[in-house]
Amino acid sequence: MKKILMAAIALLTLTAAMQQKVTTIFIIGDSTAAKKDLSKGSPERGWGMALQCYFDEAFIRVDNHAVNGRSTKSFLDEGRWQKVVDKIQPGDYVIIQFGHNDAKKNDAKRHTDPGSTFDANLARFVNETRAKGGIPVIMNPVVRRNFTKNAARVNDDESLRNTSFKDGAKVKEGDVLKDTHGLYAVAPRNVADSLHVNFVDATKITHDLEQGLGVEGSKKLHMWYQPGEHPALPDGRQDNTHYNIYGAHQVAKLLADALCQEIPLLSKYRTDDNPCKMEQPK
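If you number the sequence shown the way this note's numbering does, the last residue is 318 and the count never jumps.
Take these hints with a grain of salt, some might be off.
No more than 20 Å apart at the CA atoms, straight line, and that leaves these computed lysine to any residue pairs for SDA-like [what the hints assert, rightly or not]:
(1) K140 / K119
(2) K214 / G264
(3) K256 / G210
(4) K256 / T307
(5) K185 / D203
(6) K289 / K145
(7) K76 / I241
(8) K240 / N226
(9) K255 / D308
(10) K119 / K141
(11) K240 / P267
(12) K202 / P263
(13) K71 / G127
(14) K289 / P267
(15) K255 / E209
(16) K289 / Q274
(17) K202 / G264
(18) K214 / G248
(19) K240 / K255
(20) K255 / L219
(21) K202 / K140
(22) K140 / N104
(23) K72 / T307
(24) K145 / S195
(25) K304 / E114
(26) K289 / L301
(27) K304 / T59
(28) K289 / G210
(29) K255 / D211
(30) K141 / G127
Label-pair restraints from in silico Cβ distances [stated by the list, open to error]:
(31) V207 / G77: 22 to 28 Å
(32) I281 / L112: 26 to 32 Å
(33) H243 / D308: 20 to 26 Å
Keep in mind the hints are simulated off the structure, nothing from the lab. Every residue gets a Cβ at the ideal spot worked out from N, C-alpha and C, and that includes glycine.
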């Protein structure tokens, strides 16, 4: 009788485990979150690549659709959003984070205006997520490492990959992090408020991280390498937008915590004990 009871309990446990739905967290956004080409050994990473490390993959699966250089407009126009919509199941989450490329005024294929087309695109992501039974989460953009004393001219972030260390060597820096996003960091909160959407203030979270580390310490988060410091970057680089492995993990960890605070249900799946953490620099 005891063996039969134990077998029955084991069967029920197995059945419950098999019936446990794995919830997906989709990410849509730009290069700060995106998957990267690792074939040439580059240390560049998007924070979305590291997010899985901070959630139990037996229950939470991160599906990162963020792509380098995309804005809300180009993500929609290229059909990338529809591919996500087709995959959303009831109870899944969709993290929506744009702004870096929507601000490119000279690029008609990407530019949107905060308070107008930018907000409308964010609202479309929200409404179409909800129509599929998904749960939208809006994040405003992560900050650039901008300690310049004067207002920095924001170039195309994607062009930074074609620069060397010496290309940025003459930049003079102060002690205070300066904003580069303006209303593109404000509009996502406004949309979230108006549509009653979960919101994570990624701008403030990453501002506090960068400012707390200071002018020199914050370089460790980014693709900031002296010539010869990394084998994949023989000429070095000064890239204050994109994260390296260490930076992506630091940001992903903070955003995971913020997600759990905003959506307490996710807290039970929060973990720091995931095999993909082995990618972090020792």
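To see whether the hints hold, each was checked on the structure:
1. Between the alpha carbons of K140 and K119 the distance comes to roughly 25 Å, so the proposed pair goes past 20 Å and is violated.
2. Simply put, K214 and G264 have alpha-carbon atoms about 29 Å apart, too far for the 20 Å limit, and the pair is violated.
3. With a CA separation close to 17 Å, the supplied pair K256 and G210 stays within the 20 Å bound.
4. Among the hinted pairs, K256 with T307 is inconsistent with the structure: their alpha-carbon atoms are about 24 Å apart, more than 20 Å.
5. Distance restraint check for K185 and D203: the Cα-Cα separation of roughly 18 Å lies within the 20 Å cut-off, and the hinted pair is therefore satisfied.
6. Distance check on the hinted pair: K289 and K145 sit about 33 Å apart at the alpha-carbon level, beyond 20 Å; violated.
7. For the hint pairing K76 with I241, the CA-to-CA distance comes to about 31 Å; that exceeds 20 Å, so the pair is violated.
8. The straight-line distance between the Cα atoms of K240 and N226 is roughly 15 Å, inside the 20 Å bound, and the hint therefore holds.
9. Among the hinted pairs, K255 with D308 is inconsistent with the structure: their alpha-carbon atoms are about 24 Å apart, more than 20 Å.
10. The suggested pairing of K119 with K141 is violated, with an alpha-carbon distance near 27 Å, which exceeds 20 Å.
11. At roughly 33 Å between alpha-carbon atoms, K240 and P267 are farther apart than 20 Å, so this suggested pair is violated.
12. For the proposed pair K202 and P263, the alpha carbon gap of about 9 Å is at most 20 Å, so the pair holds.
13. Under the criterion of a C-alpha separation no larger than 20 Å, the hint pairing K71 with G127 is inconsistent with the structure, at around 24 Å.
14. Of the supplied pair hints, the one linking K289 and P267 is violated, its CA atoms being roughly 27 Å apart against a limit of 20 Å.
15. With a C-alpha separation of about 12 Å, the suggested pairing of K255 with E209 holds against the 20 Å cut-off.
16. Proximity of K289 to Q274 is assessed by CA-CA distance (about 24 Å); at most 20 Å being required, the pair is judged violated.
17. The hinted pair formed by K202 and G264 meets the criterion: a straight-line CA distance of about 13 Å does not exceed 20 Å.
18. About 13 Å separates the Cα atoms of K214 and G248, which keeps this hinted pair within 20 Å; it holds.
19. For the given pair, K240 sits about 18 Å from K255 by alpha-carbon distance, which is consistent with the 20 Å threshold.
20. With a C-alpha separation of about 25 Å, the suggested pair K255 and L219 falls outside the 20 Å cut-off, and the hint is violated.
21. Restraint check: the Cα-Cα separation between K202 and K140 comes to about 25 Å, which exceeds 20 Å; the hinted pair is violated.
22. Using a Cα cut-off of 20 Å, the hinted pair K140 and N104 holds, with the two alpha carbons roughly 14 Å apart.
23. For the given pair, K72 sits about 24 Å from T307 by alpha-carbon distance, which is inconsistent with the 20 Å threshold.
24. A distance of roughly 17 Å separates the Cα atoms of K145 and S195; the hinted pair therefore holds under the 20 Å criterion.
25. For the hint pairing K304 with E114, the CA-to-CA distance comes to about 36 Å; that exceeds 20 Å, so the pair is violated.
26. Our distance criterion of 20 Å between C-alpha atoms is met by K289 and L301, whose separation comes to about 17 Å.
27. Distance restraint check for K304 and T59: the Cα-Cα separation of roughly 13 Å lies within the 20 Å cut-off, and the hinted pair is therefore satisfied.
28. Simply put, K289 and G210 have alpha-carbon atoms about 27 Å apart, too far for the 20 Å limit, and the pair is violated.
29. For the hint pairing K255 with D211, the CA-to-CA distance comes to about 13 Å; that is within 20 Å, so the pair holds.
30. For the hint pairing K141 with G127, the CA-to-CA distance comes to about 36 Å; that exceeds 20 Å, so the pair is violated.
31. For the pair V207 and G77, the supplied restraint of 22 to 28 Å holds, since their beta-carbon distance comes to about 27 Å.
32. At roughly 30 Å, the beta carbons of I281 and L112 sit within the given window of 26 to 32 Å.
33. Checking the proposed 20 to 26 Å range against H243 and D308 shows it holds: the Cβ atoms sit about 24 Å from each other.
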